[in-house]
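*Asks:* Using the sequences plus the hints, can you model the full thing?
Protein sequence lines correspond, in order, to chains A and B.
Residue numbers for the first sequence follow this note's numbering, beginning at 40 and rising by one.
Residue numbers for the second sequence follow this note's numbering, beginning at 4 and rising by one.
Honestly, I wouldn't trust all of these hints.
Reference listing, derived: stretches of chain A covered by chain B, where coverage requires no fewer than 3 residues with Cβ under 8 Å from a Cβ of chain B [as the list claims (entries may be wrong)]:
1) 160-169
2) 351-359
Some residues of chain B that are not near chain A, with every Cβ distance over 10 Å (derived) [claimed, not checked]:
3) I31
4) L47
5) P161
6) F214
Hints in this document: simulated from the structure, not taken from any laboratory.
As the structure is a computational prediction, the values presented were derived from the model and not from experiment.
We put the beta carbon where it would ideally sit given N, CA and C, even for glycine.
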Amino acid sequence: MTAVTLAGAEADPRRWLKVFASQEALLAIAVIGLAIAVGLYNPRFLAARNLSDVLLGNAYIAVAAVGMSMVIVSGNIDISVGALIGVLATISGTLAVNGAPIVVAWLAALVAGILVMALQGVIIAYLRIPAIVVTLGMLSILKGGLISVTGGKWITDLPDSFHLADIELFGVLPFPVFLMILVTILAALWMRYSASGRAIYAVGGNAEAARLCGISQPRTIVMVFALHGLFAGAAALLYATQLRVIQSTVPPNLELTIITASVVGGVSILGGVGTVVGSTLAAVLIAEIASALVFIDVSPYWIRAVQGVLILVTVIADILRRRRMAGV
Amino acid sequence: MSEIPLPHRAKRVVPWWLLRHETMLAVILLIALIVLGGLNSRFLTLDNLLNQGRLTTEVGLIALPMTFIIITGGIDLSVGSIVGLCAILLGYSWKVFGFPLPLAICFSLLVGAAAGFLNGIVITRVKVPPLIMTIATLALYRGLAEGISQARSVRGYPEWFYFIGQENLFGVPAQLWLLLIAIVISAIVLDRTIFGRTLYAIGNNETAARFSGLPVDRVKLIIYTLSGLMAGLSACVLVSRVTTTRSDMGIGYELDVIAAVVLGGTSIFGGVGTIWGTVVGLAMIQLLKNGLALTGVKGDATIVVIGTVLILSTLVASSLQRRREGV
Chain A
40 MTAVTLAGAE ADPRRWLKVF ASQEALLAIA VIGLAIAVGL YNPRFLAARN LSDVLLGNAY
100 IAVAAVGMSM VIVSGNIDIS VGALIGVLAT ISGTLAVNGA PIVVAWLAAL VAGILVMALQ
160 GVIIAYLRIP AIVVTLGMLS ILKGGLISVT GGKWITDLPD SFHLADIELF GVLPFPVFLM
220 ILVTILAALW MRYSASGRAI YAVGGNAEAA RLCGISQPRT IVMVFALHGL FAGAAALLYA
280 TQLRVIQSTV PPNLELTIIT ASVVGGVSIL GGVGTVVGST LAAVLIAEIA SALVFIDVSP
340 YWIRAVQGVL ILVTVIADIL RRRRMAGV
Chain B
4 MSEIPLPHRA KRVVPWWLLR HETMLAVILL IALIVLGGLN SRFLTLDNLL NQGRLTTEVG
64 LIALPMTFII ITGGIDLSVG SIVGLCAILL GYSWKVFGFP LPLAICFSLL VGAAAGFLNG
124 IVITRVKVPP LIMTIATLAL YRGLAEGISQ ARSVRGYPEW FYFIGQENLF GVPAQLWLLL
184 IAIVISAIVL DRTIFGRTLY AIGNNETAAR FSGLPVDRVK LIIYTLSGLM AGLSACVLVS
244 RVTTTRSDMG IGYELDVIAA VVLGGTSIFG GVGTIWGTVV GLAMIQLLKN GLALTGVKGD
304 ATIVVIGTVL ILSTLVASSL QRRREGV
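*Replies:* Right, dumping it as structure tokens:
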């Protein structure tokens with residue numbers, strides 16, 4: 040009797056501890072803590088203008104990271120997404136400049152994104168070629184193709200109505216930030232509560248068990264990649280429409296930043312674990328760090344090293360934590 | 004007992020080695036050589052071919068240990084970044100820290116080995132999957148190169164340093180000798196030593212290899228360190244060839260290296276592969292690049308070809324393997 044009450048009494052504080060120790064809570068604390076720390080050093084960092092610029096300029100990374108998180112949860116990886124975003128932005132911009140209806144230009148990016156990613160999903164799932172080889176090959180196809188088709192020319196004279204990123208909802212909420220929040224919430228709910236969303240975790244966690252439960256692994260993977268393509272299309276639109284010009288080259292290392300956001304956000308690279316809320320928070324944190332480096336007078340050339348350390352530390356922590364939970 | 008016929012072997016009409024992936028690739032390579040030579044008279048000249056050998060050395064030096072790594076079922080995506088880091092440290096330790104150049108070379112090789120060692124130690128001790136570990140260090144090592152150099156380049160090396168990258172030895176480009184020696188050593192190690200056979204054992208079934216008492220972790224640690232060391236060596240050759248040091252050196256090398264290894268018949272699933280295949284894969288990619296360039300295709304379009312070839316060759320290889328296993 041006493042033992043039961045004791046266990047019950049113990050369970051409560053432990054559960055609270057668990058909530059605070061979750062990756063999402065840690066990330067939220069890190070985002071706020073970093074803002075305060077850098078703000079103390081240089082108050083200009085906390086200016087509303089700077090904070091909103093950080094969010095606005097990087098919302099597309101968070102949107103793409105939502106799709107990447109699904110891919111990694113399903114036990115795969117995609118290193119072609121950075122190149123794809125460059126291609127989609129160029130397709131959309133070229134259409135807009137050449138007089139296509141703006142909505143068509145926007146939709147083209149989404150559709151092309153879905154098509155390219157679904158194709159990769161089919162090759163990975165049905166022809167059983169590892170994701171790393173397929174996406175590495177696609178990376179070079181997209182990157183080389185884009186430069187040889189456009190010659191690296193920039194797209195200018197974009198029509199004003201094309202600039203999706205300029206829209207402010209209700210006069211205050213910038214569209215990119217709205218989209219980032221909306222996509223994250225919808226994806227989080229879908230992955231948590233729907234059968235098809237749970238299937239991603241099942242396939243990534245234990246493919247054989249998932250198969251025995253009647254979940255089609257190939258179909259789930261193609262679905263995940265198609266969705267990832269949709270988000271990549273949305274990210275490409277935000278990326279393409281936030282500036283007055285589109286550099287029709289591939290944004291360097293974009294895929295790395297997106298993978299970093301997913302991994303730092305708590306998506307386990309071993310598959311089966313992770314949430315998109317974490318990856319969005321991590322994308323915000325990474326953007327914040329990049330901005331903070333400038334405000335504490337560190338050269339922005341160090342940003343990639345910081346990113347590398349971030350991935351390294353979170354991946355090692357993730358694996359050690361799992362091992363402790365497994366009691367090994 | 005011993006007379007039980009091996010049905011699948013008895014049915015074969017063609018000798019087994021003709022059906023090997025590497026042999027078929029060599030035949031394709033030969034055909035490509037003839038076609039490209041027919042299209043352009045400058046292609047099949049000794050000068051051009053030797054020059055292509057010069058250009059392929061940097062990727063080739065890294066492709067050899069990468070073959071080892073992929074045979075064990077691992078991968079190393081950080082090699083391009085290690086090349087960048089080693090190149091920067093070679094230049095900086097010489098120009099800024101004032102090391103004598105030979106010492107600077109040793110230093111950068113050491114850093115390359117250390118970078119590979121770090122990959123290996125985390126992969127074996129913490130059990131981080133090689134793919135994600137080397138994605139992390141892909142960012143980290145490139146970030147260090149950028150941070151240390153602040154994107155400034157180093158040039159003006161002494162004349163003797165350019166020997167390995169630009170001169171000839173007995174009529175053959177100096178770095179090609181380096182590559183040839185490395186190829187011979189790697190082939191012997193992979194084919195004729197216990198160490199080499201251990202790599203296949205790990206790739207086929209790591210748990211079984213462990214239970215057989217093979218030093219799995221030690222072997223893995225050695226090959227990742229070797230990969231870093233060779234990336235460092237490749238950086239020295241590269242700096243010597245192009246005469247400057249920049250932090251973006253070696254970007255995208257991982258693609259070329261992995262493409263060459265996979266094209267050469269090494270299975271990305273582990274357990275299968277040869278050095279000879281990697282050499283043919285290397286030659287294939289370099290001649291494809293060169294041949295396309297000579298027939299007027301721009302450099303960026305050749306990356307498209309390499310990517311396509313990479314995916315297609317894996318497709319063919321895996322379907323061949325499935326058929327062989329009767330799945």
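*Asks:* The structure should be examined with respect to each hint, and the outcome stated for every one.
*Replies:* Consistency of the hints with the structure:
1. 160-169: holds (count 5)
2. 351-359: holds (count 5)
3. I31: Given a closest Cβ separation of 18 Å, the condition holds.
4. L47: Fine: 26 Å to the nearest Cβ keeps L47(B) off the interface.
5. P161: holds (28 Å)
6. F214: holds (18 Å)
Going down the numbered hints, you'll see the structure goes against none, and every one checks out.
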